[in-house]
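Colleague: Fit chain B to the given chain A structure using the hints.
If you're matching them up, the sequences are chains A and B in order. Counting in the working numbering, the first sequence runs from 1 upward without gaps. Counting in the working numbering, the second sequence runs from 1 upward without gaps.
These are calculated hints, taken from the structure and not from any lab test. It is possible that some hints are incorrect.
Treat identical chains as interchangeable: a pair holds within one or across any two.
As the list claims (entries may be wrong) - Computed list of lysine to any residue pairs in SDA-like fashion (alpha-carbon distance at most 25 Å, straight line):
1) Lys193 / Ile324
2) Lys376 / Arg281
3) Lys317 / Glu189
4) Lys20 / Leu65
5) Lys453 / His8
6) Lys453 / Gly286
7) Lys20 / Gly411
8) Lys42 / Pro249
9) Lys170 / Leu230
10) Lys428 / Trp387
11) Lys435 / Gln332
12) Lys57 / Arg393
13) Lys259 / Asp216
14) Lys330 / Asp437
15) Lys435 / Glu338
16) Lys42 / Ile324
17) Lys193 / Ser323
18) Lys453 / Gly466
19) Lys49 / Ser426
20) Lys57 / Ala379
21) Lys435 / Asn331
22) Lys57 / Lys330
23) Lys42 / Met325
Protein chains: 2
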Amino acid sequence: MTQPKHYHMSPEEFRHWGYKTINWIADYLENVENLPVLSQVKPGEIRAKLPAIPPQKGESFDAILQDLNQIIVPGLTHWQSPNFFAFFPGNNSAPSILGELISAGMGVQGMLWATSPACTELETHVLDWLVDMLGLPNQFKSSGTGGGVIQDSASSAALVALIAAREVAKADTSQLVAYTSTQGHSSIEKGVKIAGLRRENLRLVEVDNNYAMRPDLLQKCIEADLKAGLTPCYLAATVGTTSSNAIDPIPELGAIAQKHNIWFHVDGAMSGTAALCPEFRWIHQGLELADSYCFNPHKWMMVNFDCNCFYVKDRTKLIKALSIMPEFLKNQATASGEVIDYRDWQIPLGRRFRSLKLWFVIRHYGVEGLKHYVRKHVALAQEFAQWVSADSRFELVANPPLNLVCFRHQGGDEVNQLILDNLNASGKIYLSSTKLDHKLTLRMSIGQATTEKINVEQAWQLISSGG
Amino acid sequence: MTQPKHYHMSPEEFRHWGYKTINWIADYLENVENLPVLSQVKPGEIRAKLPAIPPQKGESFDAILQDLNQIIVPGLTHWQSPNFFAFFPGNNSAPSILGELISAGMGVQGMLWATSPACTELETHVLDWLVDMLGLPNQFKSSGTGGGVIQDSASSAALVALIAAREVAKADTSQLVAYTSTQGHSSIEKGVKIAGLRRENLRLVEVDNNYAMRPDLLQKCIEADLKAGLTPCYLAATVGTTSSNAIDPIPELGAIAQKHNIWFHVDGAMSGTAALCPEFRWIHQGLELADSYCFNPHKWMMVNFDCNCFYVKDRTKLIKALSIMPEFLKNQATASGEVIDYRDWQIPLGRRFRSLKLWFVIRHYGVEGLKHYVRKHVALAQEFAQWVSADSRFELVANPPLNLVCFRHQGGDEVNQLILDNLNASGKIYLSSTKLDHKLTLRMSIGQATTEKINVEQAWQLISSGG
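Just chain A, with the same shape it has in the complex:
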């Protein structure tokens, strides 16, 4: 028997199954509202439906799509449901999906400029666009000493900023101190761990009544550390904390960082997108004091995960911290010094063409369209907060600056946990929780692309009737 020449799909088959896949997605997104938001499966239930051994012979694509429906979909928590109010949103959108599709179809790899110049240049260009779109300081543009790059997540952005800070610092790693608030993201602690700083040298600075970092207490911490012979090296502030969307006071924190020569990283993962609208740009006030900044179009700007935009004021510091030049990567373009090689701006070597989906989204919606959704979500959240305020059984835990509402039932942790569990088990909406002032607090995060007023109204009916 002669072996078949190849097992690849023919172009005709690819077109056929490609259309079917597009239809699958269109159907999925049209119907996602009707599916239980939080998957109702039990641990092990999905695996139990999968064959224990892999197929020796290839199977039809039809069989794969059938299993997708029967096995995989029941095991999804539907992030694209308009009734998804948990964590922060992780939006996709039609142009983003198609941008990701083309990126996969091209299959180019942008570790070096030379390995696909367009992959690097489009990324630099679109990240410069975003500086203007969000009204960020010009220092982050590639035309000066700075520049932007796409990372997979705000966690990785915070980590590479910390690595750069550590390399710039003039002290042994064991002597370095990092600062964030008690409300700072867990990725800061994880980054400190990865970068090899001592865990006991991470300071969680106390916050004010709005859960924002207190500059006076930061200053005290730094002074105590200096007195103890330690070297303050990294301050991570947050524009929109995960728990409550608190906005740290960037101007005051930045001034302290500058005075003590501390790398100042600002994380606007969720809320940075709000700065598309001039009326919300106050969140970035003082950002010219930052050495690095990031926000996630993969949260609130219609770009499917992963797409974190990370900016540095001085790219040479980042590159110096992360560059290794082995023989096998040497090439004329790199040697000329005229190009950016983004491998030196990130932890992995290889990289996908992620700026395509970002470019597609900006062009499809236009700045105007993207602003529309930010305004809609903020307005819905503000309205939801009013309903909470007006109901004496509930209390607002903080004034929502943008589109996240933290609130709780007055009945205490047990009642709130029960409401949460009931809501999530119902499959009708999905909410997550946090603790603020040691009390269980419900988070209503309104930012899913297709969430309309009706979804928020239904959610409030469910919540206020006890889940």
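Modeller: Relative to chain A, chain B alone:
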């Protein structure tokens, strides 16, 4: 004027442009052979064609696709060309593209089991499958103390292994020593830098005539370090080095690592896929001595970037090194201890549903189909090596164990550089180079999914006629 209700594409528009995008990819992949493999653009050429300011109003998808053709495609280096012989391959394939498409379309996020159980369980399941498919030691299966996870790259895999090794070690980071060979990947040096080990504490152990690490010299290094009061903690061996595809002697290295209680990481990024075929499984001999192992389906197994499969023998060590449990991520499933939360196995918090494309590929090709391509590429490379051997102007630099042939013209570095530059400027093929024994060496890497014998023959004609 009333504001439009939304700017999203309608489902009908999405279907329409989705089909067009599928057609775009089908056309691109059908014609990619005719495009210059290495992009011929100059630095800045792509950016110069892009508008300086982003669009305020949304644009038609048609306009976006036009710019894709006119601006972006000329700036691509075509990794999917059958004439791409540079670096290592970065294959995509029809089922992988469609798997990535569905992942983008679902837009779920698998940081926790609860945030999409299927995203976690399919990943665990398929990574267990691969242990059987490659004949890896059972210790890497999730059913015991180990388990697999998808990382973005072998760089990140090597880094998280190093972080785990550092946490396990009973000494201060400044005292820790890491080992790889002079031919080890640059990601090891980068990982050492990121993890905060001292640069002077990375040992590059000398290699034998086949460019494989010498166990006797490793042993000497370790003894010298112990004598100096340092703590050996991490050994990174390679199954198929980047420069020459050398296979480090895993059994001997593993025995040394075990004796000295050193974390033993084995990187099979490129060549691991060969183990699909029993006749190539010798490369993994001794792998039961490894604490961690990885290979990249995104290189030679038809899964588009990114998809690195990373395995550990003892998952608790990895999780302990990377886990942080903030309040906002607490949930019933995690608390039950019955589930895997993959955020604790990696650097970022968020994660895409990457196992979908891996599952699609395995099911579409079957193990049989995937083996077919490995065998084809190895056979082509062995034949190419014979042609080089038979031509007195050229020399083989190493016996190619699998599908990478290292060779050079006898005329010295200048002649080889000229050949390389001519070939790459011609756009007909794309080759990259390395240095072995301080001499410029051409690398013929044969692994692109659609490369046929005719492509390899044409390449040799071009090379042997001086580029």
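Colleague: When the hints from earlier in the document are held up against this structure, which numbers fail?
Modeller: 6, 7, 8, 12 and 22
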